[in-house]
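Asker: Chains as they are written, first to last, in the working numbering: chain A, 1 to 211; chain B, 212 to 422.
If you're looking for bench data, these hints aren't it; they were derived computationally from the structure. Some hints here could point you the wrong way.
As the list claims (entries may be wrong) - Cut-off 27 Å, straight-line C-alpha distance, at most; resulting in silico cross-link-like pairs (DSS-like, lysine-lysine): (1) K65(A) to K410(B); (2) K343(B) to K199(A); (3) K278(B) to K132(A); (4) K67(A) to K343(B); (5) K410(B) to K132(A); (6) K343(B) to K65(A).
As the list claims (entries may be wrong) - Quick look at which bits of chain B chain A covers, simulated, 3 or more residues with Cβ under 8 Å: (7) 227 to 234; (8) 249 to 263; (9) 284 to 291; (10) 305 to 317; (11) 364 to 370; (12) 405 to 414.
Computed from a prediction, not measured in an experiment: that's the story for all the values here. Glycine is no exception: its CB is placed at the ideal position from the N, C-alpha and C atoms.
Protein chains: 2
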Amino acid sequence: MSSDSCSSPPALAWIRSRVSTSRFEPNVEFSDDRIAELIAYACEAPSAYNLQNWRFIAVRSPAAKQKLCELAYGQRQVLDAAVTIIVIGTLNGHEHIRANIEPMVGAGLLSEQELQSWVDDTQRDYEADPRKQRDEAIRSASLAAMTLMAAAQGLGLDSGPMGGFDAQAVQAEFGLGPAEIPVMLVAIGRAAADNWPRKPRRPVPDLLSIV
Amino acid sequence: MSSDSCSSPPALAWIRSRVSTSRFEPNVEFSDDRIAELIAYACEAPSAYNLQNWRFIAVRSPAAKQKLCELAYGQRQVLDAAVTIIVIGTLNGHEHIRANIEPMVGAGLLSEQELQSWVDDTQRDYEADPRKQRDEAIRSASLAAMTLMAAAQGLGLDSGPMGGFDAQAVQAEFGLGPAEIPVMLVAIGRAAADNWPRKPRRPVPDLLSIV
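With the hints as constraints, model all of the structure from the sequences given.
Answerer: Quick look at the structure:
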């Protein structure tokens, strides 16, 4: 952690100390519980209408890593990281919205009638609009992926996002359904010594207008 | 902050204490510096090839808030929050990649030849593929939006993401270019007393497979 990030509030230090890691120590192993803990954090990300239109495949076994590595154009980190998470966005979250929000009725936060109009609004908004379904799948899965990387950082681990993989082949080889898109891979483990440093960022004044 | 999140490491507490806020205290004002600080954190998000294919419009003045509120179907938080950030993804990040990574040559991290193949790879990957450009714009902007919400939380502020707005009208009224997509709105300020609690989450075992 740089001296700069140490002077930030604790909930901010991870943002500047995170590095997209591509070289991992091999032979680091994660238990089921550790993986579930990471995914529980990822699922705390927000999603439109509380769709939670995401799913996660944790690639941990040598055979599954080998398969995913080939579909990710041989990127070595898939083999070396303790686990690589296939972060999946789903196109049909609107079909399952009722189950996501029904607990709010039990908790007295929502009436049956409000529940029904939440369900109706969600379905109306997505069901006839494939582009919106896809955009939302990518948006939600990306929010979850960023939260996953934050959680890894907070647990003292290292992570590296990957966009370079054969999405169709991953879909086929890892048994994704027709309404599921692999949005990103996130390798998690412990960084080896010879990683790239953080990459430079464009200056804020070039990217921000205040109106 | 719940007792649960207090027992988490500091860099994780924000994940469980964050609530998507829809009711804000009016009359909270943010300086230019505060807004720039938030955006600087957002820009620390990762992006494919270090594209940084994002831009941000901070809607702070009463007139601009009024205009955005109308385009967001009257959602009141746009008026009450100190600022609402229009998080924009760009379709043509690959055309600007050289400038983003050139500082790495100066720093001795990359040779001229490596720089050139980075530029070539990036351009080859996106230039003829509009769907990939759009997916990447949404992905990068969402990673930045999540980091922005984390930064707000870490600075003791509250935030609320919004997907419900007229994207075409926002594009026209706020002067976005043809290669710019408004991906999400993020309202930031101080929560009023009468917000919704955190929404329920699906159980992890329903969402995770380990292979």
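Asker: Please verify the coverage claim for the region 405 to 414 of chain B: does it have three or more residues whose C-beta sits within 8 Å of some C-beta in chain A?
Answerer: holds (count 6)
Asker: If you look at each residue in the region 284 to 291 of chain B, do at least three have a Cβ nearer than 8 Å to any Cβ of chain A?
Answerer: violated (count 0)
Asker: Report holds or violated for chain A covering the region 305 to 317 of chain B, Cβ cut-off 8 Å, minimum 3 residues.
Answerer: holds (count 5)
Asker: Take a quick look at whether K67(A) and K343(B) sit within 27 Å of each other, Cα to Cα.
Answerer: Distance ~24 Å between K67(A) and K343(B) Cα, so the pair holds.
Asker: With a cut-off of 27 Å on the C-alpha distance, tell me whether K410(B) and K132(A) pass.
Answerer: The hint holds at about 23 Å.
Asker: Given the hinted pair K343(B) and K65(A), is their alpha-carbon gap at most 27 Å?
Answerer: 25 Å, holds
Asker: Take a quick look at whether K278(B) and K132(A) sit within 27 Å of each other, Cα to Cα.
Answerer: 24 Å, holds
Asker: For the pair we were handed, K65(A) and K410(B), check the Cα-Cα distance against 27 Å.
Answerer: Violated. K65(A) to K410(B) sits at ~35 Å, over the 27 Å cutoff.
Asker: Per the coverage rule (Cβ-Cβ under 8 Å, at least three residues), is the region 249 to 263 of chain B covered by chain A?
Answerer: Holds: 10 residues of the region 249 to 263 of chain B have a Cβ under 8 Å from chain A.
Asker: Verify the proposed pairing of K343(B) with K199(A), using a straight-line Cα cut of 27 Å.
Answerer: 23 Å, holds
Asker: Check whether three or more residues of the region 227 to 234 of chain B sit with their beta carbon closer than 8 Å to a beta carbon of chain A.
Answerer: holds (count 3)
Asker: With a C-beta cutoff of 8 Å, work out whether three or more residues of the region 364 to 370 of chain B approach chain A closely enough for the coverage to hold.
Answerer: holds (count 4)
Of the numbered hints stated above, those contradicted by the structure are hints 1, 9, listed in ascending order.
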